[in-house]
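There are 2 protein chains.
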Amino acid sequence: MNPGDLLAETPEPPYYAVIFTSLLTPDTAGYAEAAERMFELVKTIPGYLGADGARDGVGITVSYFRDEPAIAEWRDHPEHAETRERGREQWYEAYELRVAKVERAYGFRRSTVD
Amino acid sequence: MNPGDLLAETPEPPYYAVIFTSLLTPDTAGYAEAAERMFELVKTIPGYLGADGARDGVGITVSYFRDEPAIAEWRDHPEHAETRERGREQWYEAYELRVAKVERAYGFRRSTVD
Numbered sequence: 001m002n003p004g005d006l007l008a009e010t011p012e013p014p015y016y017a018v019i020f021t022s023l024l025t026p027d028t029a030g031y032a033e034a035a036e037r038m039f040e041l042v043k044t045i046p047g048y049l050g051a052d053g054a055r056d057g058v059g060i061t062v063s064y065f066r067d068e069p070a071i072a073e074w075r076d077h078p079e080h081a082e083t084r085e086r087g088r089e090q091w092y093e094a095y096e097l098r099v100a101k102v103e104r105a106y107g108f109r110r111s112t113v114d
Numbered sequence: 001m002n003p004g005d006l007l008a009e010t011p012e013p014p015y016y017a018v019i020f021t022s023l024l025t026p027d028t029a030g031y032a033e034a035a036e037r038m039f040e041l042v043k044t045i046p047g048y049l050g051a052d053g054a055r056d057g058v059g060i061t062v063s064y065f066r067d068e069p070a071i072a073e074w075r076d077h078p079e080h081a082e083t084r085e086r087g088r089e090q091w092y093e094a095y096e097l098r099v100a101k102v103e104r105a106y107g108f109r110r111s112t113v114d
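Order-wise, the sequence lines are chains A and B.
The opening residue of the first sequence carries number 1 in full-length UniProt numbering; numbering runs sequentially from there.
The opening residue of the second sequence carries number 1 in full-length UniProt numbering; numbering runs sequentially from there.
These are calculated hints, taken from the structure and not from any lab test.
Check before you lean on any hint, since a few could be wrong.
[Claimed, not checked] With a straight-line Cα cutoff of 20 Å, these simulated EDC-like cross-link-like pairs (lysine to aspartate or glutamate) come out:
hint: 1; chain 1: B; residue 1: Lys101; chain 2: A; residue 2: Glu33
hint: 2; chain 1: B; residue 1: Lys101; chain 2: A; residue 2: Asp67
hint: 3; chain 1: B; residue 1: Lys101; chain 2: A; residue 2: Glu12
hint: 4; chain 1: A; residue 1: Lys43; chain 2: A; residue 2: Asp67
hint: 5; chain 1: B; residue 1: Lys101; chain 2: A; residue 2: Glu96
hint: 6; chain 1: A; residue 1: Lys101; chain 2: B; residue 2: Glu103
hint: 7; chain 1: A; residue 1: Lys101; chain 2: B; residue 2: Asp67
If you're wondering where the values come from, they're calculated on a predicted model, not measured in any experiment.
Please model the entire structure based on the sequences and the hints provided.
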C-alpha cells in the first residue's frame with residue numbers, strides 16, 4: 001500500500017479522501033491477493049492520487065482522489081464491484097466507508113544533517 | 001486506539017476527519033506512553049467523536065470531530081502542543097496531517113445467524 005514505506009504524496013487541497021476502515025473475519029483466504037490486485041487496479045483510475053494503508057486488528061486505507069467523478073469511476077469499476085461483493089460475503093466482519101473533502105494539509109519531513 | 005478492536009462509530013455526516021499519517025524514527029522511547037496519553041486527552045475535547053488507528057510501518061490515525069472549533073480546541077490544547085513538539089524533535093521521521101470534511105458515509109456489519 002505504501003511502497004517502500006513512504007507516505008502518499010498528494011497535491012494542494014482541495015481533493016478527496018476515501019477513508020475505509022474494516023475488521024476481517026477469520027476467513028481471509030484470498031484476501032491479500034485481492035487487496036494487492038485492487039491496489040494495482042485503482043492506479044489505472046484517472047484522478048487517483050495515491051493511498052495510505054495500515055492494519056493491526058483494525059485496517060485503515062485512505063485513498064486520495066482528485067474529484068468526485070474519479071471516486072465514482074473507481075466505485076463503478078466492474079472488477080472492483082465484484083471484489084467488494086466477495087468482501088461482504090467472505091472477508092469483512094464490518095467496515096465503514098467515509099468520503100471526505102480534504103480542505104487543508106500540512107507536512108513534516110525530518111531534516112537530515114550528516 | 002480502537003478499544004476492543006471495534007470501529008469508531010460516528011453520527012450522520014457532515015463532520016470532520018483529521019487524517020494523520022506518519023513514519024517513526026528508530027528512537028521511539030516514550031512514544032507509546034505519549035500516544036496513549038493523547039488518546040485519553042482528546043476524549044476530553046467537546047465535539048470529539050472517536051478515532052480509528054493502525055500502524056504497520058506507516059501509521060494512520062483518523063480522528064473524528066463535530067466541527068472546526070472542536071479541531072481548533074484540540075490543536076491548541078497546551079499538553080497536545082507540547083507533545084507535538086516532542087514528536088517533531090524525536091519520534092517522527094515524517095508526517096502528513098489532512099483536515100477533511102466527511103460528506104457521506106456507509107457502513108456494513110455482518111449479520112450473524114446462529
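Does lysine 101 of chain B pair with aspartate 67 of chain A here, judged by a C-alpha cut-off of 20 Å? 14 Å, holds
Agreement of lysine 101 of chain B and glutamate 33 of chain A with the hint, judged by alpha carbon distance not exceeding 20 Å: 32 Å, violated
Assess, step by step, whether the Cα of lysine 101 of chain B is no farther than 20 Å from the Cα of glutamate 12 of chain A, and give holds or violated. Roughly 16 Å between the alpha carbons, so the hint for lysine 101 of chain B and glutamate 12 of chain A holds.
Below or equal to 20 Å on CA atoms is what counts here, so check lysine 43 of chain A against aspartate 67 of chain A. Holds. Lysine 43 of chain A to aspartate 67 of chain A sits at ~15 Å (cutoff 20 Å).
Keeping to a limit of 20 Å between CA atoms, is the pair of lysine 101 of chain B and glutamate 96 of chain A held or broken? Holds. Lysine 101 of chain B to glutamate 96 of chain A sits at ~16 Å (cutoff 20 Å).
Hey, lysine 101 of chain A versus glutamate 103 of chain B, does the alpha-carbon distance stay inside 20 Å? With a Cα-Cα distance of about 7 Å, the restraint between lysine 101 of chain A and glutamate 103 of chain B holds, given a limit of 20 Å.
Hinted pair lysine 101 of chain A and aspartate 67 of chain B, Cα distance within 20 Å: 14 Å, holds
In summary, the one numbered hint that this structure violates is 1.
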